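Based on the hints, put chain B in the right spot on chain A.
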Amino acid sequence: MASLWEYANPVRFMRTSGALLPWVTAAAAASLGIGLVWGFLTPEDYKQGSTVKIMFLHVPAAMMAINIWVMMLVASLIWLIRRHHVSALAAKAAAPVGAVMTLIALATGAIWGQPMWGTWWEWDPRMTSFLILFLFYLGYMALWSAVENPDSAADLTGVLCLVGSVFALLSRYAVNFWNQGLHQGATISVAPGDRISSTYSYPLYLCMLGFFLLFVALLLLRTRTEIRIRRLAALRARELRA
Amino acid sequence: MLSLLLRDLRLAVRAGGGFGLGLAFFLITCTLVPFGVGPQGDILARIAPGILWVGALLACLLSLDRIFALDWEDGSLDLLATAPLPLEGTVAIKALAHWITTGLPLTLAAPLFGILLHLPPAAMPWLVASLALGTPALSVLGAFGAALTVGLRRGGLLLSLLVLPLYVPTLIFGAEAVRRGAEGLGASTPLVLLAGITAATLALVPFAAAAALRVNLR
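Protein sequence lines correspond, in order, to chains A and B.
Here the first sequence stands for residues 1 to 242, numbered as in the working numbering.
Here the second sequence stands for residues 1001 to 1218, numbered as in the working numbering.
No wet-lab data here; the hints were simulated from the structure.
This one's a predicted model, so the numbers in the text were calculated from it and none came from an experiment.
Certain hints may be false.
As the list claims (entries may be wrong) - From the structure, some residues in chain A lie toward chain B, with a derived Cβ separation under 10 Å:
| no. | residue |
| --- | --- |
| 1 | Ile-104 |
| 2 | Leu-106 |
| 3 | Ala-110 |
| 4 | Trp-112 |
| 5 | Gly-139 |
| 6 | Tyr-140 |
| 7 | Leu-143 |
| 8 | Ala-146 |
| 9 | Asp-151 |
| 10 | Leu-156 |
| 11 | Leu-240 |
No residue lacks a Cβ here, since even glycine has one placed at the ideal position from N, Cα and C.
If we strip away everything but chain A, and leave its shape as in the complex, we get (with noise of 0.2 Å):
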């Protein structure tokens, strides 16, 4: 049996995961789009209408934006204490992943809000943790594209998401305290899931699935791009020295 630690090795995670992606992409692409397009085939929520299908591509991208950055957090561990650049390098791809899965959440939530609630925007708690935890996101990548020692870039991005996580944790319920304390509570925050009914959850879980094997793609194919890029950049000094 195999352990995770194996693909610490480049070579073998290069091997790996370029027999797993084809298969990784196609499963993606299927559950997606079956999801989606049974999601879009529910009948019309009594109330919501049919802003109810926004929920097929909200739900599933909010929940893989806190995710990813969980899984950055591991990833830079890994990177921290083992000194195992894939992980450093996944953890570099996944930031633009969770963000512009950050942004879906947010612009999606807007998209449904406007109708239903009658505004763009409205600081609730989870809204504005959500624009949070975005803020984040650019600063982590921006602080990885502004160091040029890649190793150094790794150690300082990988201590900022060590820090980044306790700061977006303590927002997200220092948010709630600000909220309920100066306003009514979150009354318009509706979390769907409890309540929900078969017709509209079972498309859901299968978008859910589809975004994470959507990311897990992505996340295979830009590790393989920077390990690539990496390379590249050994190959060139190994040309000026020679």
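Below, chain B alone, put in the same frame as chain A:
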């Protein structure tokens, strides 16, 4: 440690005017806001806690890159790193020097600016208390951001992008304490939470900042 603190303070006061700059910036912010929102006292009084806190936060941000940049340029940061004092201690002292030169004057001057913005007198003690408790956290987090970006050419803008999201919890609890004070409600809950955040940042963030500095000094 004391000599390092005194050295940083002396540098801040004598060279480059970083000492008064934050205060002047704070004053300008508080002057500009009434131009933007109009001179009506009741509106100003309502937004004053937020304006004062955001102004203090931005004034603090202004001088962050000075924490390590000058020492980085002339090489004394390398000497400090090899000194017997642990790098974590150096970071903490430098953050303390930054707080004494920016956070403390801001805290002391804040009631004056509060009068400018029609902040109710009942909120004044809460304003001073919340700033006194909150600004040390701003300095330490800023030192962390400055440590991350110390070697970079265009670090200033990046520094604010990295540090400002970290300021969110401090800002929320600080401004909330003043707002509750202004409305005559009990403000001790946000104040205690603010103190908790500050205590935790003071204890833990110097380690992260020192780790970042070590990477940048490699």
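Hints, one by one, checked against the model:
1. The beta carbon of A/Ile-104 is not positioned within 10 Å of any beta carbon in chain B (closest approach about 20 Å), and the interface hint is therefore violated.
2. A distance limit of 10 Å between C-beta atoms decides the matter here; for A/Leu-106 the minimum to chain B is near 15 Å, and the interface restraint is violated.
3. Annotation: interface hint on A/Ala-110 violated; nearest CB of chain B at approximately 20 Å, more than 10 Å.
4. Taking 10 Å as the C-beta contact cut-off toward chain B, the hint placing A/Trp-112 at the interface is violated, the least distance being around 25 Å.
5. Given the 10 Å rule on beta carbons, the hint for A/Gly-139 holds: about 4 Å separates it from the nearest Cβ of chain B.
6. Against a cut-off of 10 Å between C-beta atoms, the interface hint on A/Tyr-140 holds, since the closest Cβ of chain B lies about 9 Å away.
7. Interface restraint check: A/Leu-143 against chain B, minimum CB-CB distance 6 Å, threshold 10 Å, status holds.
8. At about 5 Å, the closest approach between the beta carbon of A/Ala-146 and any beta carbon in chain B falls short of 10 Å, and the interface hint on this residue holds.
9. The criterion of a C-beta within 10 Å of any C-beta in chain B is met by A/Asp-151, whose closest approach is roughly 8 Å, and the hint holds.
10. A distance limit of 10 Å between C-beta atoms decides the matter here; for A/Leu-156 the minimum to chain B is near 5 Å, and the interface restraint holds.
11. Contact between A/Leu-240 and chain B, as hinted, is not supported at the beta carbon level, the nearest pair being about 22 Å apart and thus beyond 10 Å.
In terms of the numbered hints stated before, the structure departs from hints 1, 2, 3, 4 and 11, listed from lowest to highest.
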